[in-house]
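Taking the hints into account, I'd like the entire structure generated from these sequences.
Protein chains in written order, with numbering that gives the first Met the number 0: chain A, 0 to 324; chain B, 0 to 489.
No lab work stands behind these hints: they were computed from the structure.
Possibly wrong hints are sitting among the right ones.
[Said to hold, decoys possible] Below are the EDC-like pairs computed for lysine to aspartate or glutamate, each with C-alpha atoms no more than 20 Å apart in a straight line:
1) A:33 / A:84
2) A:33 / A:82
3) B:425 / B:359
4) B:425 / B:479
5) B:29 / A:319
6) A:79 / A:184
7) A:53 / A:11
8) B:154 / A:84
9) B:29 / A:184
10) B:29 / B:103
11) A:79 / A:30
12) B:154 / A:30
As the structure is a computational prediction, the values presented were derived from the model and not from experiment.
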Amino acid sequence: MEALSLLQWLIDGLIGIGLLWLAWRALFCPELFKAIVLFIAFGLLMTLAWVRLKAPDVALAEVAIGAGLTGALLLSSWAKLRDFDANKGMGVREKNRVQSEQKTKRPFFHWLSATPVLLMAVGLGYGVLQLSPYATGLSTAVAENLDASGVSNPVTAVLLNFRAYDTLLEIAVLLLALIGIWSLEIRPSVREATLDPVLDLLARLLTPLLLLVSAYLLWVGAHASGGAFQAGSVLGAAGVLLILAGWRLPLSLAGLPLRITLVVGLSTFIAVAVLMMLDRGQLLAFPPSQASLIIFVLETTATLSIAAILAALFLGSRPDHSEKI
Amino acid sequence: MGDFLLTMPWAVVLILLPLVGAIVCFLWPKNVNQLGLVTLAGVFLSVVGLGAWLLENGVYHHAVGGWNAPLGIHLYADGLSLVMLGITALVGLFVSVYATAYFDRVQSEQFWPLWLFLLTALNALFLSADMFNLYVTLELLGLSAVALVALAGGKAALNGAMRYLLASLLGSLLFLFGVALLYHTYGSLDLAILSEQIEASPTVWMALGLISAGLLLKTALFPLHFWLPPAHASAFSPISALLSALVVKASFYLLLRLWLELFWPISGSVAGLLGILGVMAILWGSLQALRQTRVKMLVAYSTVAQIGYLFLAFPLAMGAGVTAWNAVMYLAISHALAKAAMFMAAGNLLRFGGHDRIADLDQLAQRLPLTVAAFALAGVSLIGLPPSGGFIGKWLLLEAALMQGRWDLAVVIVLGGVLAAMYLFKVLGYAFTEASTPSKVTAVPVRMEWAALLLASGAILLGFLAPLILPLLAIGTPFDAFSSAQEVMS
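The following block contains the structure:
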């Protein structure tokens, strides 16, 4: 027992120190590519930290979105920047680097900005130490009402029932992010993906597996860790893999059909909200007997939309862009 | 009809209608202008409906999902929310009409979904009574505002949008951190429950600091205004109008609401600091505006200065109570109307001459009289000349300052008006003179000129509407938390 707790302390300490070290390295690494890899490593270690904190739902989200998809997005931006530099010739880049180095080497401004940050860190440290170790929280209230929520996983109950309104707006945020990026009119990448047999094989093998994992996460969300966001990001990862392997959405599907997939999660949420409003006079008030079904429908459509949005974010440009020009 | 007005859940319509509008505009971009205008008209009517409901029944409560706080989320509306919703719908409607003439086809397909998301975020923010839900609305607001700035494309707009994005995200994170501290301590995110339980402790002070810092960054109070001029000046003009008139007001509203509900009893002493920053914002913003050579930059710096006025109420409220808050709300809505009109007028100048260099405005007073009239009328309200909304606001603020013998603040209030007159007359003066190099001109659609002029007239009209608006503001006595503190003092 004694040895076990010592081991746990050791692991926690290593995770904590590792997180700080990786964050520091990622911030101050002069090479962009290395910094991104360090950031992904940070996300993976963070996942372990969440597991140790007994928050498996957060851990799943962290590994899928924080490390996985964010990492993929950063790497694809890096690739675009590299292509851009290659087209412009290295001269510009060198010049920029020299300029930025000159700019950053002004220690006075470094210290000027470091002072409020340090003050804040001290204040926060003090504030956090003053906190009572046990949060009052709402876990008792959640547990008491869990039976009426339609699911047995408290996290899902909060996200899809007690605070479903937050989730509705969160899905809107995700959709908005994509619409915002599309409105930047990014030109599709000129470089066609080279046919890589290994990648091709990997995509063929992994895609069905990812589909299966996604379906499982969606299904299991009702009573254990999982749910729409995790399932959606795994499904989105399958989309990213296919895009990397050179697959593109057929143009016939890239217009309205794609757009409908992107909004189906949010639209269903709104439709349910309005129906419940008409039926029971309260926004998103599910009758307990049908709550389970309603939540399943909401999660399924949300999974589709989240996956489509994440894969589209990775692609960056609008898939139907070419027909517009 | 009366029954219908009183039974419809207007608050819910106000949130869902623009959201549905955004989705429809995204799916079928063919008729975005018509779809968008219908949505805006619907939102406007819903605010009227909500107003009728509030006048009849007092404050509005809605437990979303049938779950009461602390488990669920509450929607809440009182006079303060109503006035903010009203000014949002009004300015939004005029800017939308303006936008239908301003944007070309592709641009309006991009503009409408983003703008309707922004409207959803604004309405949801004004109606929420839950700290985490407020954070989500802030995210929706910040992201849609940044995307709108970036629409203009080009180096200046993209740089401005990027800076704005970083400032906005940092503000949201600080806010969220504060919310987490409050939730840990009190086990609730509901404003009403928190306001009953909250008491001074190091954690609450930390939360107060983080939340206020985050919202001040989003409101662009001096010295956290660095992101505002590039973002507001480089965006398309109707978007600058929305950002300056509504978006910075939303975070200000939230700050005001949280101070009134949560932080006032424990932090009356820090209010002086906000007042000092407000004074510096007025002076710095006005001086910078005087130095600008382009109309849009000048108008953007004027926003920095006018935001300063909103914070003068914090040190004054301790002694003057409701008068100070009424003053500040009056200034906020007058500024929303006047500044939106001014940015729209600036957009007209840009369309007409292809530039907004102040020195080359080239006899615009003769050639674009409606636009110059709009600019001048909006200016009257910004300076605070009678009869205008800005005058009522400044008058009330002066009254509050003099009541407590705060001569220093009174001097700043007047000085800010004088400086505003100086930078605005600089623009108007050049509008009457002939430029040395005449430039090619393009016709400005009539709709764009009238939209600006009508909004500017609205800012003047506000000067006569105080007996109508102040009672609306008093529904549910949003400033009550403060008056009870005042009674304890006296």
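Quick rundown of the hints versus the structure:
1. A:33 / A:84: Judged against 20 Å, a Cα distance of about 18 Å means the pair holds.
2. A:33 / A:82: holds, 17 Å
3. B:425 / B:359: Holds - the C-alpha atoms of residue 359 of chain B and residue 425 of chain B are around 12 Å apart, at most 20 Å.
4. B:425 / B:479: It is violated: about 42 Å lies between the C-alpha atoms, which goes past 20 Å.
5. B:29 / A:319: Between residue 29 of chain B and residue 319 of chain A the Cα gap is close to 16 Å, so the pair holds against 20 Å.
6. A:79 / A:184: holds, 15 Å
7. A:53 / A:11: OK: residue 53 of chain A and residue 11 of chain A at ~13 Å, within 20 Å.
8. B:154 / A:84: holds, 17 Å
9. B:29 / A:184: Holds, at about 18 Å.
10. B:29 / B:103: holds, 13 Å
11. A:79 / A:30: Within the cut-off at roughly 15 Å; holds.
12. B:154 / A:30: violated, 25 Å
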